[in-house]
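Given the structure of chain A, go ahead and fit chain B onto it with the hints provided.
In order, the protein sequences belong to chains A and B. Under this note's numbering, the residues of the first sequence are numbered 1 to 166, in order. Under this note's numbering, the residues of the second sequence are numbered 1 to 101, in order.
Please keep in mind that the hints were generated in silico from the structure rather than gathered at the bench. All C-beta atoms, glycine included, are put in the ideal place defined by N, C-alpha and C. Among the hints, erroneous ones may be present.
Far from chain A, some chain B residues (derived; all Cβ distances over 12 Å) [stated by the list, open to error]:
#1 97
#2 98
#3 99
#4 100
Pulled a few chain A residues facing chain B out of the computed Cβ check, cut under 10 Å [claimed, not checked]:
#5 6
#6 29
#7 32
#8 43
#9 90
#10 155
#11 157
Sample of chain A residues at the chain B side, in silico, Cβ under 8 Å [what the hints assert, rightly or not]:
#12 30
#13 33
#14 40
#15 72
#16 73
#17 159
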Amino acid sequence: MTLVVFYLLAAVTLLGAMGVVVTRNVVYAALALLLSLMGVAGIYLLLFAEFLALVQVLIYGGAITVVILFAIMLTRLREYKGVMENPQWPLGLLAATALFLVLVAAFLVDSPRMNVEERLAVPFLLLGGSLFSQWAIAFEVASLVLLVALIGAIIVARGEDSRERP
Amino acid sequence: MSLLHFQVLSAALFAIGVYGVLARRSAVLILLSIELVLNAVNVNLVAFAAFLDPTRGLGQVIAVFVITVAAAEVGLALAIILQLYRKRASVDVDKIDLLKW
Numbered sequence: 001m002t003l004v005v006f007y008l009l010a011a012v013t014l015l016g017a018m019g020v021v022v023t024r025n026v027v028y029a030a031l032a033l034l035l036s037l038m039g040v041a042g043i044y045l046l047l048f049a050e051f052l053a054l055v056q057v058l059i060y061g062g063a064i065t066v067v068i069l070f071a072i073m074l075t076r077l078r079e080y081k082g083v084m085e086n087p088q089w090p091l092g093l094l095a096a097t098a099l100f101l102v103l104v105a106a107f108l109v110d111s112p113r114m115n116v117e118e119r120l121a122v123p124f125l126l127l128g129g130s131l132f133s134q135w136a137i138a139f140e141v142a143s144l145v146l147l148v149a150l151i152g153a154i155i156v157a158r159g160e161d162s163r164e165r166p
Numbered sequence: 001m002s003l004l005h006f007q008v009l010s011a012a013l014f015a016i017g018v019y020g021v022l023a024r025r026s027a028v029l030i031l032l033s034i035e036l037v038l039n040a041v042n043v044n045l046v047a048f049a050a051f052l053d054p055t056r057g058l059g060q061v062i063a064v065f066v067i068t069v070a071a072a073e074v075g076l077a078l079a080i081i082l083q084l085y086r087k088r089a090s091v092d093v094d095k096i097d098l099l100k101w
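So here's chain A without its partners, still in its complex pose (with noise of 0.2 Å):
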């Protein structure tokens, strides 16, 4: 049963995932990542990883995705018609799948068998303990990594002609 879901929600993302890479309509793209992001938070959800999944939902469904749709709408949409594909595609289709073969490989030869369904998730409770105890320097860190991130998208975002300005 759990491997049905598991096949279900790895086409979703594998799908999502090649629209975003083979789609010429930008907008498409942007919603086929939805999909794909969408299918990885169950994925989280089949590895006990509620969290996780709660925080893709929200940060990639609820807030990146909308940022990309509305840089997509600041640029202009019949600017991207002539500069979708690269001529140097065959050799980056060559490249991805020989990544993928060699990491299948790796994969193959040494893979710890065990199986997930005599698991129990890592509750909430332990993971924001560990989260503010034990990683509570990389956190910190972590949130002024994104403070300082956004403070200069702004900066960057508002241009020159803006400065003078009170």
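Below, chain B without anything else, positioned relative to chain A:
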């Protein structure tokens, strides 16, 4: 359902993202492909954490950090793309070669 299933899924997602980065010319589409790559890494992290270290959830903590950095990266990169579009009227990465020579 073994760890191998999740590893192959994440490898496929990673390879598709790499293909997108290599084959696209629009900066926004390259950014979307980078998001796919980051998500592939996250799937791998969470899968390894679930199978090899089921009690502490260390991989989930690191995946949270990866998501944080990905969010910062998207915000900053889109601001840069917006500004480049205003200055050069293009999102074609082949035409954006200010720093090349």
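Do the hints match the structure? See the list:
Distance check for residue 97 of chain B against chain A: the nearest CB is about 14 Å away, which clears 12 Å, and the non-interface claim stands. Here residue 98 of chain B stays apart from chain A, with its beta-carbon at least about 15 Å from theirs, past the 12 Å limit. Residue 99 of chain B, annotated as away from the interface, keeps every beta carbon of chain A farther than 12 Å; the closest lies near 16 Å. In this structure residue 100 of chain B is separated from chain A by more than 12 Å, as the shortest Cβ-Cβ distance comes to about 16 Å.
The restraint placing residue 6 of chain A at the interface with chain B holds, with a minimum CB-CB distance near 6 Å, inside the 10 Å limit. A cut of 10 Å between beta carbons decides the hint on residue 29 of chain A: the least distance to chain B is about 6 Å, and the hint holds. At about 9 Å, the closest approach between the beta carbon of residue 32 of chain A and any beta carbon in chain B falls short of 10 Å, and the interface hint on this residue holds. Taking 10 Å as the C-beta cut-off, the interface hint given for residue 43 of chain A holds, the closest approach to chain B being about 6 Å.
Taken as an interface hint, residue 90 of chain A checks out: its beta carbon lies about 9 Å from the nearest beta carbon of chain B, inside 10 Å. Using the Cβ-Cβ criterion of 10 Å, the hint placing residue 155 of chain A at the interface with chain B is satisfied: the shortest such distance is roughly 8 Å. Hint on residue 157 of chain A holds. Least Cβ distance to chain B is approximately 4 Å, under the 10 Å limit. At about 7 Å, the closest approach between the beta carbon of residue 30 of chain A and any beta carbon in chain B falls short of 8 Å, and the interface hint on this residue holds.
The criterion of a C-beta within 8 Å of any C-beta in chain B is met by residue 33 of chain A, whose closest approach is roughly 5 Å, and the hint holds. The criterion of a C-beta within 8 Å of any C-beta in chain B is met by residue 40 of chain A, whose closest approach is roughly 5 Å, and the hint holds. For residue 72 of chain A, the interface hint holds, since its Cβ comes within 8 Å of a Cβ in chain B; the closest pair sits about 6 Å apart. Interface restraint check for residue 73 of chain A: the shortest CB-CB distance to chain B comes to about 11 Å, outside 8 Å, so the restraint is violated.
Using the Cβ-Cβ criterion of 8 Å, the hint placing residue 159 of chain A at the interface with chain B is satisfied: the shortest such distance is roughly 6 Å.
Against the hints set out earlier in the document, a violation occurs for number 16 only.
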